[in-house]
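Trainee: Mind docking chain V on chain E? Use the hints.
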Amino acid sequence: MEEHYQHLYHALSQVDGYIYPNEIDLHWGLMIVLYPYITGLVAGAFILASLERVFNVKVLKPTYGLALLTALAFLLVATLPLVSHLQHPFRAYEILMTPNPTSAMAIFGFVYLWYLMVVLLLEIWFDYRLDFVLWSRESKGFKKYFYKIITLGINDTDEKSAKLDDKIGYFITVLGIPSAFLLHGYVGFIFGSIKANPWWSTVLMPVIFLFSAMVSGIALVMIIYMVVSWVRKVKIDMECLDTIAKYLFYILIVDFTLESLDQIHRLYEAEESFDIIKVLVGGKLNITLIFMQVLIGTVIPLLVIGFFQFYKPTEKIRKIIYFIVGLFVLIGIFFMRWNVVIGGQLFSKSLSGFTSFNAVFSGMEGYLMAAVWLILPCLILVFLLWLMPPWKKTTMHN
Amino acid sequence: MDRRINKNRRKFFQTSATIVGGTLLYSLIKPLTSNAQVIEVNKEDNSINPLWGMGVDLKKCIGCGKCASACKTENKVPDKPFYFRTWVEQYTVKNDGEVIIESPNGGIDGFVQSVPNEDIFKSFTVPKLCNHCSKAPCVQACPVGATFISPDGVVLVDETYCIGCSYCIQACPYGARFMNPITKVADKCTFCYHRISQDLQPACVEVCPTDARIFGDLRDKKSKLVKFLQKNPTQTLKPHLNTNSRVFYNELSSEVK
Numbered sequence: 008m009e010e011h012y013q014h015l016y017h018a019l020s021q022v023d024g025y026i027y028p029n030e031i032d033l034h035w036g037l038m039i040v041l042y043p044y045i046t047g048l049v050a051g052a053f054i055l056a057s058l059e060r061v062f063n064v065k066v067l068k069p070t071y072g073l074a075l076l077t078a079l080a081f082l083l084v085a086t087l088p089l090v091s092h093l094q095h096p097f098r099a100y101e102i103l104m105t106p107n108p109t110s111a112m113a114i115f116g117f118v119y120l121w122y123l124m125v126v127l128l129l130e131i132w133f134d135y136r137l138d139f140v141l142w143s144r145e146s147k148g149f150k151k152y153f154y155k156i157i158t159l160g161i162n163d164t165d166e167k168s169a170k171l172d173d174k175i176g177y178f179i180t181v182l183g184i185p186s187a188f189l190l191h192g193y194v195g196f197i198f199g200s201i202k203a204n205p206w207w208s209t210v211l212m213p214v215i216f217l218f219s220a221m222v223s224g225i226a227l228v229m230i231i232y233m234v235v236s237w238v239r240k241v242k243i244d245m246e247c248l249d250t251i252a253k254y255l256f257y258i259l260i261v262d263f264t265l266e267s268l269d270q271i272h273r274l275y276e277a278e279e280s281f282d283i284i285k286v287l288v289g290g291k292l293n294i295t296l297i298f299m300q301v302l303i304g305t306v307i308p309l310l311v312i313g314f315f316q317f318y319k320p321t322e323k324i325r326k327i328i329y330f331i332v333g334l335f336v337l338i339g340i341f342f343m344r345w346n347v348v349i350g351g352q353l354f355s356k357s358l359s360g361f362t363s364f365n366a367v368f369s370g371m372e373g374y375l376m377a378a379v380w381l382i383l384p385c386l387i388l389v390f391l392l393w394l395m396p397p398w399k400k401t402t403m404h405n
Numbered sequence: 195m196d197r198r199i200n201k202n203r204r205k206f207f208q209t210s211a212t213i214v215g216g217t218l219l220y221s222l223i224k225p226l227t228s229n230a231q232v233i234e235v236n237k238e239d240n241s242i243n244p245l246w247g248m249g250v251d252l253k254k255c256i257g258c259g260k261c262a263s264a265c266k267t268e269n270k271v272p273d274k275p276f277y278f279r280t281w282v283e284q285y286t287v288k289n290d291g292e293v294i295i296e297s298p299n300g301g302i303d304g305f306v307q308s309v310p311n312e313d314i315f316k317s318f319t320v321p322k323l324c325n326h327c328s329k330a331p332c333v334q335a336c337p338v339g340a341t342f343i344s345p346d347g348v349v350l351v352d353e354t355y356c357i358g359c360s361y362c363i364q365a366c367p368y369g370a371r372f373m374n375p376i377t378k379v380a381d382k383c384t385f386c387y388h389r390i391s392q393d394l395q396p397a398c399v400e401v402c403p404t405d406a407r408i409f410g411d412l413r414d415k416k417s418k419l420v421k422f423l424q425k426n427p428t429q430t431l432k433p434h435l436n437t438n439s440r441v442f443y444n445e446l447s448s449e450v451k
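Residue numbers (this note's numbering), protein chains in the order written: chain E, 8 to 405; chain V, 195 to 451.
None of these hints come from the bench; they were simulated from the model. From the three backbone atoms N, C-alpha and C, an ideal C-beta is built for every residue, glycine too. Keep in mind that the hints are not guaranteed to be accurate.
Unchecked claim - Beta-carbon label-pair distances, calculated as ranges:
no.: 1; chain 1: E; residue 1: Ser208; chain 2: V; residue 2: Glu353; range: 26 to 32 Å
no.: 2; chain 1: V; residue 1: Thr267; chain 2: E; residue 2: Tyr12; range: 16 to 22 Å
no.: 3; chain 1: E; residue 1: Pro96; chain 2: V; residue 2: Thr267; range: 30 to 36 Å
Stated by the list, open to error - Derived coverage of chain V by chain E (criterion: at least 3 residues anywhere in the stretch with Cβ under 8 Å from a Cβ of chain E; other residues may be distant):
no.: 4; segment: 271-282
no.: 5; segment: 288-298
no.: 6; segment: 325-335
no.: 7; segment: 357-367
no.: 8; segment: 374-383
Isolated chain V (complex conformation):
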């Protein structure tokens, strides 16, 4: 009799321990798996979705600003010098080492060199846009989950859901987001999601006269983008922040911030 009670007790404890332990284990695994989903998109897996990214060949950029202009037209970005989904910066390194960075109206109207020729050590232009990070600080920060990474790796904003708190704008290290004064929600580059889902190129890529921007699928070994990454020593912006950016620059100079 005693033994049977003991057995029942043991069984009761075993079952309880399994339930409690299982729940704890599940709660431990769950955040890990949800974290893994974010990282996973950066891996070369067998997903049927493409994984969009962009290469920027700084050797080819002439700073015409056509990309920034086309983006504004294509995406109805307010035509004011405070709102940009993409813009171009001009870097001028002077002989004395001073670096001058300029981007009047995002480079849309072109650049005028303010430094006399004899004082210039080197000068180059750098297009900027959302880096579509796979560990995006903006996605991490959004309190309601209105900004998210699409299955094909594009950081998007749900306009019907964003509460307009600006926390994502604070969290973005690249200044790639702005508060749209018309929709009153966070706005940013979508890689022209409406175009790429129809096998078209983003507007900025389409208009670039020198093919300085290369858009493509990082999972497709034959894509132009993957070829570009193979042939060139590329870098991402602010790699120390561990954002896993998916915009890759060729010939990125250390002056670029």
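Bound-form chain E, shown alone:
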């Protein structure tokens, strides 16, 4: 407790202008930055998978299974930073038991469960069922038992059942696209619907969140595809990689346009809150917004991939640059979340001053914990790839 008070006294000494006395503490920290970040990665990875399956971009086939498993690995972790940030985490289940229908946050549990249970798990199951049956016959030990159980006793291997799996899988993917939109557009709405906060309260917020989610998810799968190929020592399908980069480019343009529109709209309307927002963007957020989000995360990737649309250097150079661009985009979107969540709390609702954010290293809200929540889904993904490698599948949907 004393440590917490010390932290607040330190923040008090850094107050600039006037803030309401209850606003010294930032109530949402690093964990709430991670929550939309991780959820966005899930939605984006899923959209990439559906590009291949529903929109028939066949060249993306090598990344289909990878994208789905990436989405699953991150989705399993998505709620953990959220729950761990609650002051009473053991009461978290009340959101599902007695949700308040007027609350934008209350529906998250249901959207999450719908997405996890109905969309992702079912789609993966229908995609893998036949392989589970075949693998259960040739594997030993833990894997054999796992495959046996996960088939849920449906051991048909004939063509008719494979076709049925494919049909249902396709249907679920179609259902999954609006669900992925819902999942992340909804996360944007949690912020966009707070009329008390002029930095958050914009009708564009859900759309911006959605497109930035797609951008980050596609960048993540692009990197994972390259890393997995290097580890497996197989040749990267350059046509596939170029196509992913192309989609990344297009969606990044939409994302950048929307975010610019939002800022231009603020600038032009110059409402009551504009004076403080101007100082926020030019001061407290100039490194995370102007440098990290806009320059590193958006402008450089746009210029580089845009350039590749006219001139393609050698494969080796492209691979390295795609990798770096992917990382840049992931860093940029992380800071986009940061600028929304932290940025929105740095200025007072009195619009007359600023508090400061002092992140800590250890503890539930610290950098260490944030690293755990980002590394954990990668470990889960490694486990999933070991357990159900998409490249070992004998069957593949049409």
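Mentor: Same frame as chain E, now just chain V:
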């Protein structure tokens, strides 16, 4: 025979349509009525419950900070300068138009004027507290319904139910809520609910030496509060946010945020 079948069919369709239509209509009406309940408390109806509100007469406030201090004592608010159910702000408008707002320790220790006298255009103090909005954004935002409006119009928090997500704190435009470091739930002014339910005044009203705070029943035409509202041109804070606040300020200057 044919006609009878047709008749049965027609009846079947009619019944189905009634059931489907009725269900749809009910689901349409239901959210409207639940919404109406929130708005209703602002209406002058014949409810037997009182409808609590507060008037703040800024002409009378001397910025002594006794209200903020009494509130902390009465409600066991942690004695640190980060947690307040009510506080006092000092506004100083300088001759050049610059506005300086201060509230050191919520005004509990009084104010020291930092601007030299000759530079001051005007200066005044403004007590702040939860506005007990009838369209409270915090109540709308709470994911589990732990914060609610009582039948007598007071916005309260169920301490045994709050999950501590801080969404209500983000949703409050007035900075009236804080996360209590001891109970680890959202905390805020209750109009001293434990006192008003026993016909006592809230602690801040009780101690105010100049009667700058007027507490009362908005439904009681003879109450001091209703008289205050009749005699003075009052305003609420941030009316553009449409929160329907029930704390009314007399002589509210446009500098007040």
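Trainee: Hint by hint, note whether the structure agrees.
Mentor: Now for the hints, and whether the structure bears them out:
Here the CB-CB span from E/Ser208 to V/Glu353 is close to 29 Å, well matched to the stated 26 to 32 Å. Distance hint check: the CB atoms of V/Thr267 and E/Tyr12 are about 19 Å apart, consistent with the given range 16 to 22 Å. Distance hint check for E/Pro96 and V/Thr267: the Cβ-Cβ separation is about 32 Å, which falls inside the suggested range of 30 to 36 Å. Coverage of the segment 271-282 of chain V by chain E holds in this model, with 6 residues showing a Cβ closer than 8 Å to a Cβ of that chain against a need of three.
Only when three residues or more bring their CB closer than 8 Å to a CB of chain E does the claim for the segment 288-298 of chain V stand; here the count is 5, and the claim holds. Only residues whose C-beta sits within less than 8 Å of a C-beta in chain E count toward coverage, and the segment 325-335 of chain V has 4 of them, enough to reach three; the restraint holds. Requiring three or more residues with a Cβ within less than 8 Å of a Cβ of chain E, the coverage given for the segment 357-367 of chain V holds, as 10 such residues are present. Under the rule that three or more residues need a Cβ within less than 8 Å of chain E, the assignment of the segment 374-383 of chain V holds, with 3 such residues.
Violated hints are absent here; each numbered hint is respected by the structure.
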